[in-house]
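Asks: Spelled out, the chains give:
Number of protein chains: 2
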Amino acid sequence: MGQNSHFLDLFFNPRSVAIIGASRNKETVNYYLVSNLVNLGFPGKVYPVNPNATEIMGLKAYPKVTSIEGDVDLAVISVPARITLDIVRDCVAKKVKGITIIAGGFSETGTEGQKVQDEIHRLLRENGIRAIGPNALSPINSANNFVVGFRPNSKLPQGGLSFIFQSGLYQPRLEWLLNHFHLNMTKLIDLGNKMDITEVDALEYLAQDEDTTVIAMHLESVAGDAQKFIRILRETTPKKPVLVLKSGRTTAGAKAASSHTAAIIRSSDAVVDAALKQSGAIRVSGLDEFFDLAKAFEYLPLPRGNRVAITSYSGGEGVFTTDCAQLQGLELAELGTETHKKLSEVFPPWEIPINPFDTGVAGQFHTFDVVNRFVEAVVDDPNVDCVAVQVGIPPQLAASTTGHQLLKPYTDLIARGKPVTVWGMDPDISAGMTKDMEAHRIPFYPSAERAVRALGALWRYANLKGR
Amino acid sequence: MGQNSHFLDLFFNPRSVAIIGASRNKETVNYYLVSNLVNLGFPGKVYPVNPNATEIMGLKAYPKVTSIEGDVDLAVISVPARITLDIVRDCVAKKVKGITIIAGGFSETGTEGQKVQDEIHRLLRENGIRAIGPNALSPINSANNFVVGFRPNSKLPQGGLSFIFQSGLYQPRLEWLLNHFHLNMTKLIDLGNKMDITEVDALEYLAQDEDTTVIAMHLESVAGDAQKFIRILRETTPKKPVLVLKSGRTTAGAKAASSHTAAIIRSSDAVVDAALKQSGAIRVSGLDEFFDLAKAFEYLPLPRGNRVAITSYSGGEGVFTTDCAQLQGLELAELGTETHKKLSEVFPPWEIPINPFDTGVAGQFHTFDVVNRFVEAVVDDPNVDCVAVQVGIPPQLAASTTGHQLLKPYTDLIARGKPVTVWGMDPDISAGMTKDMEAHRIPFYPSAERAVRALGALWRYANLKGR
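The listed protein sequences derive, respectively, from chains A and B. Number 400 in numbering that gives the first Met the number 0 belongs to position 401 of the first sequence; there are no gaps in the numbering. Number 40 in numbering that gives the first Met the number 0 belongs to position 41 of the second sequence; there are no gaps in the numbering.
Everything labelled a hint here was simulated from the structure, so no lab data went into it. A couple of the hints might just be wrong.
Simulated crosslink set (BS3-like; lysine-lysine; CA at most 27 Å straight-line) [stated by the list, open to error]: (1) B/K254 to A/K341; (2) B/K25 to B/K59; (3) A/K254 to B/K254; (4) A/K434 to B/K434; (5) A/K254 to B/K341; (6) A/K44 to A/K114; (7) A/K340 to B/K254; (8) A/K114 to A/K340; (9) B/K114 to B/K96.
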């Protein structure tokens, strides 16, 4: 961190931050703007600004940003829209280097709001100050424990995944992203109304960012230079996967997008789609897929080929999963004779097909964990590029099966460069297993179709990259 | 129940059941075959058959089925494949009326298994005894507390949904279906190898069954008379929706299907697809969709039109949800002036679009629950046919919001014949809310795309039916 000379680095690694609108009242969301930085141990200087307080969370509070003695890299403005212009004037006077404006109430609210936003933009441009927003809650940099957020965060997830959001799509999910999703995140930027900083800047920055290994981007419109955007995409995708969730893709959706951020949708969805495809971006069609693939790309190595080994609790599930695999461009691996030999130990008293492998039927005749025997058996099979496993511990083994024992063959697969995705159903089993498995970079999905879809996306990206 | 004269009614409403292979050992799955019937209060006679026991769960046990004094309507055979033929001979001698064979190890295991299965089939046919299976765990009839299952069940869900499964696809999900899914189920039949009873019989029976309002069917192959199957489908779909999940639809999947149940796949997927479409069945492409739609059709009234009102926590989510709606054939409702007036009370200090409605922005300016104000406002709007709502309780209201208060506008919508689906993210909120809402027939989904997909399916079925 800190080695990126892009202008946006200031927003992710500020040495000093003024929180304008800081609050001592835990009932308000603004409370968490300061408390998160203090509790998480953000290493920069934090200056709460509040005309009615002298101290917040043990930090000296200032009546105005101009009262702060030291330099301010970043001013986070969280005050109502109607007084934001005045605050921006203070920030200009203070010579802050960057601004993020959280409040909505600007271009998305009509002509009046647009006028105020234009005036703010003019003022900042004249003074060489860059800005995120308005109508944006960001950024987050987990490497630096820097978070602009409205909910308490006790610990930020660490990893290689960075998000770009166009609008508030992620806000209701922030809690979940940070605390429940086991997502290894490094940076997040919400662009809001994109008055100044656009998706082009964000992509350009994350493309250069060494901490970022996967970029997941939500777009409603392209506000910046579309040709530059496509050029950066094309240069970036061979190095890091870029997932794109483009909403506003239907006429009704585009109309809704235009009214809530006042963005002009300049291209038909077909044009966007073709441009994304040509630039090697991975377009996803829904939110489940967006987060499912983000997790898979961050956790897993890319497969060397498209040959998948599948195991499930029943033949019917195996058939369904095989369908999913073929629809994703994967082929059933022809498992080697060595693997057949290892697996024959767990067969029922008759010969059964080994791919897809029915651990349900095998499990009826064995007291040990046949699922793990399967995973162990395919680790060294040269015909297997990736693996999909329906997991769960048979009730009679639950007590005696330890996390480490359970996880070893999976981590062995990953160490061999073979991605593995798992799925499970029983909610009681899944909660604990999800946590353990995802802590070891084994993505856990609620259904076979989603587990296999993730493998398919890894393979298509690997294939494109290899060409 | 009991008024259906179809031969399969015997399997769902037997007056007397012999459990052959009954066990006193809680460590074995066979234990639950008897314990569930005793604990749930199945009203018929239960005869445990076990040569090494004189009593099981307080019931007299018999060494052989022929030792039972009374008549036996249904023999549930849960013994290893190798001794099943002998047991079937006993059942023939006892003149049982129906048989369900649970064990696998027959046609799906190769030539030897096929021969034994053929011999069993010949014997039963000669004696006029019908049979489910082999390789099948069923049936279940929740109206009667009759369940053939391998896991403990403390209470069966009641409702109008019936399932037909082709193979073990559902077994790993049984626990979840019965105990976690809030699925209002009446009957379930797993067909296994379909030696005798096929999907045609099952569909015919459920089509006539008064307790069944929705049929959800998983198919790998059509083993019975395909023309009759399509004819029954065509006659049934105007009366009750029939969801079909057809797996084995890719070449790899079909091959896997053929090896695990030895079924011959006689039709290409395109042919199956066309036939299903013409007969008015609702084909689903995955397991998530299968269960999502099953729930929606069982819970909800059909919409009178395709005009949807949407509310979400952010403008971005609203745009994404609007895309989903249009892709599903729904239109954004033009909300009436009365609704606008009601909603203007919850606006932020500026005018905002009312469909999709951004409760996130409105909520920043109000201390009450703006989500529910929206739902209340559209209940009486004549321009609204159905509603999609992103739910969750703002932290500051969580303690003061009671279930009843929260749910009333949703149940009002349903009472007005307007289906409503909801989605939510925060895992903590969702767990409790899912339970409350689904107990009131409001289906809760993990994402906007799934909530809206369910509404789209309801609308398309209503539209087809109305023609």
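Asks: A separate judgement is required for each hint: does it hold in the structure or not?
Replies: Structure-based check of all given hints:
1. Annotation: proposed proximity of B/K254 to A/K341 holds, straight-line Cα distance about 23 Å (limit 27 Å).
2. Proposed proximity of B/K25 and B/K59 is supported: the alpha carbons are some 18 Å apart, at most 27 Å.
3. Annotation: proposed proximity of A/K254 to B/K254 is violated, straight-line Cα distance about 46 Å (limit 27 Å).
4. This hinted pair checks out: A/K434 and B/K434 have alpha carbons roughly 23 Å apart, not beyond 27 Å.
5. Of the pairs offered as hints, the one joining A/K254 and B/K341 holds, with about 23 Å between alpha carbons and a cut-off of 27 Å not exceeded.
6. This hinted pair does not check out: A/K44 and A/K114 have alpha carbons roughly 34 Å apart, beyond 27 Å.
7. The hinted pair formed by A/K340 and B/K254 meets the criterion: a straight-line CA distance of about 22 Å does not exceed 27 Å.
8. Restraint check for A/K114 and A/K340: not satisfied, since their Cα atoms lie roughly 74 Å apart, outside the 27 Å limit.
9. Only pairs whose Cα atoms come within 27 Å are accepted, and B/K114 paired with B/K96 is accepted, the gap being roughly 23 Å.
Figure legend: structure checked against the earlier numbered hints; hints not met, in rising order: 3, 6, 8.
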